[in-house]
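A.B. asks: Sequence:
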Amino acid sequence: MEVVLKEARRFMVPLYQRKYQWGDKRLEPFWEDVTAKAIEVLEGDAKFEHYMGALILSPVDQGSQIGITPVVQVVDGQQRLTTFQIMLAALREVARHHELADLIEHVDGYLLNVPKSKDSDPLAKFKLNPTPSDRELFHDLIEMTYPEVSKKYRHLYWGRGVPKNTPFPAFRAYHLFYSWIDDFSFNGPDEESEIDLDANAPETDEDEGVELDLVAERLEAILTAMLDRLKLVVITLGENDDAQVIFETLNSQGEPLLAMDLVRNNIFHRAEKQSASVEQLYTKLWTPFDMSWWKEAAPNARPTRPRIDHFLAHTLAAETGEKISMRELYAEYRAFAVPKNKPRFEDVEDELRLIETYAPLYETLEGRRNEDPALHWLGRKLAAWQVTTAYPIAMQIGRSDLDHDERRELAELIYSYLVRRAVCGLTTKNLNKLFQSLSAEFKAEGPSVDVFTRFFADRKGDSSRFPHDTEFRRGILTGNGYAISPRPRLVDILWELEVASRTKLAEHSERPEGLWVEHVLPQSWGDDWPLADGNTADPVSLEQETIARNAKLHTLGNLTLLSGGLNISSGNKSFKEKKAKFKEHTGLFMNKWFEKHDQWTEAEIEERGVALAMLAIKIWPSLEVVDL
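Okay, so the sequence shown: first residue is 39 according to my numbering, each after it adds one.
These are calculated hints, taken from the structure and not from any lab test.
Glycine is no exception: its CB is placed at the ideal position from the N, C-alpha and C atoms.
Don't take each hint at face value.
Calculated pairs, DSSO-like style, for lysine-lysine (alpha carbon to alpha carbon, straight line, at most 30 Å) [to be verified]:
#1 K467 to K333
#2 K590 to K498
#3 K378 to K269
#4 K333 to K481
#5 K85 to K333
#6 K311 to K378
#7 K202 to K189
#8 K333 to K63
#9 K619 to K634
#10 K85 to K269
Computed Cβ-Cβ distance ranges for the label pairs, DEER-style [said to hold, decoys possible]:
#11 K471 to E644: 34 to 44 Å
#12 S523 to K621: 25 to 35 Å
#13 N379 to K202: 43 to 53 Å
#14 E551 to N379: 46 to 56 Å
#15 W331 to A46: 49 to 59 Å
Build out the structure end to end from the sequences listed, making use of the hints.
C.D. replies: This is how it looks when you write it as structure tokens:
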């Protein structure tokens, strides 16, 4: 991309082209591609360049004219090219916010031309000239600062955000890119979190306490990713090529090939060269992958790709113990199957049988099969927590010869690790790196509880340690349990506590749909909720008693599960009224707790928190080596 934009040229979008129309479904994967490469830049770990598609150009006035900026017509790829320009403009404005003058000047070189002596067109200074309907807005994005653009186009905002249905998708793209880039520069990369498609404009003081050198490093990584790691195939037409015919031909094609389609073609091409029975191999070992289930988007997994692509990435990660890039999946597979031009497998059938071996493990984790109880259970938990980055280690466990008890113990430890860190308020960022490292250990030594325990024994830092019982108990009693997100994770924790609360004589029941998290002491407590001494207080006062109460408000001891209707009905009612409603309408065991209390103050919350902590330590086991 650097070569495309660095040269002094004017890219003119023909009138017959569509106006800019990339929405969230295109912007989100584009940002994922950029950040994936930016992370590689920050880590110094780039393996493959990522190709974004084709850019078809048709020069205008083939003969070079001295003193005039050359003009090329964009036959195809204008949506990608425009998106690159919008993101560069947003990146420059984040750099301006941090007063990074050198970076601002550098980015300007990819947005603007230096007009030549005979350039009479005032638009010659712009690298890109979109269709007339987009031109004024686009050039404002290029020429104006972020505050100036926001002020001029304030009518496009709804609150501090730009709605998805805006008639100017280029402006939403600019707003989202600015918000995402600002967050990346401030908080660093987070490959686990979902992209915020409702991002608001950042507050002006959000950069307080951030090291400027770190911000600059992150912004430069994004720029390097865009210019050096993301590639466009540039095709320049000749004088006799009909640009309109070529455009229509390019845009009349069917669905693009999946990464797994390319892998399949590569495998069977090599099978033909080995004189294998291609048709027989295809029918016996590949036909199951042609089912529609494999082509559906993998739930809970990022980036958004079909299941079959995620399956292949997890298979390669489990088999090699190495980090696998989803965005260069075909290149990753070629490097695996034929490393350094030497085939890994004696024949293609062995290669296909390896893939076949991993398929039922992936299907079990996804809930499609239930042949391995431990793996199926872990898959349901990982789905609830939206952590598919643990799939490679789960698949390694599934392929091992461990007995059922050790498989189950490993599954419970993986789940426990996620829950304990969430309850203790420890980061869940970059779990992919940690699980990849564990996968490498499993690959080298074989999966086992002993290897798992030794792996975490040396990890003492906040970014990766396995919380011990004392810390876990403290997190339950004093931590902000309500802050655990996304919300299904907190519901899962409370449901496990509900199951553990039941007596041996209680009937078994599956978790009902639509459970809500309820604060027993409401978030907006008032006169109906007196303090322990019987006095009332203002919830927002700074009195010591009020501060102590608010400190308990969001702890697990004050949280429970209710149906949606009962949750709304309970609201901010007094404890007496809530208690009556709970008794009449909920059959959950954890809600029987409230029947034996006449008031609900900090003392009662503490008492329930202690009881829940005792259950939690049994539900989510610790590592013995940590507790010694």
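A.B. asks: All hints are to be evaluated individually against the structure, with a verdict given for each.
C.D. replies: Each hint, compared with the structure:
A threshold of 30 Å between alpha carbons decides the hint, and for K467 with K333 the separation of about 28 Å falls inside it, so the pair holds. For the hint linking K590 to K498, the alpha-carbon distance of about 28 Å falls within 30 Å, and the restraint holds. A hinted pair counts as satisfied when its Cα atoms are at most 30 Å apart, and K378 with K269 qualifies at roughly 23 Å. Using a Cα cut-off of 30 Å, the hinted pair K333 and K481 holds, with the two alpha carbons roughly 29 Å apart.
At most 30 Å may separate the alpha-carbon atoms for a hinted pair to count; K85 and K333 meet this at roughly 27 Å. Annotation: proposed proximity of K311 to K378 holds, straight-line Cα distance about 18 Å (limit 30 Å). Among the hinted pairs, K202 with K189 is consistent with the structure: their alpha-carbon atoms are about 19 Å apart, no more than 30 Å. Our distance criterion of 30 Å between C-alpha atoms is met by K333 and K63, whose separation comes to about 17 Å.
Among the hinted pairs, K619 with K634 is consistent with the structure: their alpha-carbon atoms are about 14 Å apart, no more than 30 Å. Taking the CA atoms of K85 and K269, the gap is about 14 Å. The hint holds against a cut of 30 Å. Distance hint check: the CB atoms of K471 and E644 are about 37 Å apart, consistent with the given range 34 to 44 Å. Checked against the hint of 25 to 35 Å, the C-beta distance between S523 and K621 comes to roughly 31 Å, which is consistent with it.
The supplied range of 43 to 53 Å is met by N379 and K202, whose beta-carbon atoms lie about 48 Å from each other. In this structure the supplied range 46 to 56 Å holds for E551 paired with N379, their Cβ-Cβ distance being about 54 Å. Judged by the Cβ atoms, the range 49 to 59 Å given for W331 and A46 holds: they are separated by roughly 51 Å.
This entry satisfies every hint, going by the numbered hints stated previously.
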